[in-house]
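Student: Be aware that the sequence shown starts at 727, since it is given in the numbering used here, and climbs by one per residue.
Careful, some of the hints might be misleading.
Claimed, not checked - Heads up, simulated SDA-like pairs for lysine to any residue below, C-alpha to C-alpha not over 25 Å straight-line:
hint, residue 1, residue 2
1, Lys824, Ser799
2, Lys824, Gln792
3, Lys804, Trp788
4, Lys804, Thr836
5, Lys729, Ala740
6, Lys824, Val805
7, Lys804, Ile843
8, Lys804, Val840
9, Lys824, Arg841
Just so you know, these hints were derived from the structure itself, not from any lab.
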Amino acid sequence: MKKVLTTIALSLSALMATSAMAAPDHRYDDRQRYNHAPSHQDNRWDNNKRYDNKRVNPSRDWRAGQNFPRVFSSSIYKVSDRDARRLPNTNRYQQWYKVNGDYVLVNERTDRIVRIIN
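With the hints as constraints, model all of the structure from the sequences given.
Tutor: If you want it as structure tokens, here you go:
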């Protein structure tokens with residue numbers, strides 16, 4: 727009896743495993759586009775206004791008054807030679823950042839974008 731139950735259990739598990747491997751992949755439709763329900767990760771901005779690490783085009787994606795993503799507030803993006811790049815003067819607590827070829831003027835206290843020059 728024990729051998730019969732073991733044989734039945736093994737055959738059922740083998741049958742389920744082969745049917746799972748033969749199941750079609752429903753993630754792609756006929757045109758090879760990713761076919762899934764939209765989620766908050768598909769958007770560039772999530773509910774917390776944090777920026778994910780996709781390619782950025784500040785002159786198209788950002789507007790004056792929006793929060794500047796903290797990802798870009800490191801020293802590698804800061805512009806130190808403002809005069810050489812012919813950028814306008816900054817007011818108090820403002821800093822120029824260069825993000826993918828565009829210059830973004832940010833208020834350091836509020837982290838708001840003041841101006842974008844491309």
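Student: Now look at each hint and say whether the structure bears it out.
Tutor: Structure-based check of each hint:
1. In summary, the hint linking Lys824 to Ser799 is supported, as the alpha carbons are separated by about 10 Å, within the 25 Å threshold.
2. With a C-alpha separation of about 16 Å, the suggested pair Lys824 and Gln792 falls inside the 25 Å cut-off, and the hint holds.
3. Under the criterion of a C-alpha separation no larger than 25 Å, the hint pairing Lys804 with Trp788 is consistent with the structure, at around 17 Å.
4. Taking the CA atoms of Lys804 and Thr836, the gap is about 17 Å. The hint holds against a cut of 25 Å.
5. The hinted pair formed by Lys729 and Ala740 meets the criterion: a straight-line CA distance of about 16 Å does not exceed 25 Å.
6. For the suggested pair Lys824 and Val805, the alpha carbons sit about 6 Å apart, so the restraint of at most 25 Å is met.
7. Taking the CA atoms of Lys804 and Ile843, the gap is near 14 Å; set against the 25 Å cutoff, the hint holds.
8. With a C-alpha separation of about 15 Å, the suggested pairing of Lys804 with Val840 holds against the 25 Å cut-off.
9. Pair hint Lys824 plus Arg841 holds up; C-alpha atoms about 12 Å apart against a cutoff of 25 Å.
Hint compliance for this structure: every hint is met.
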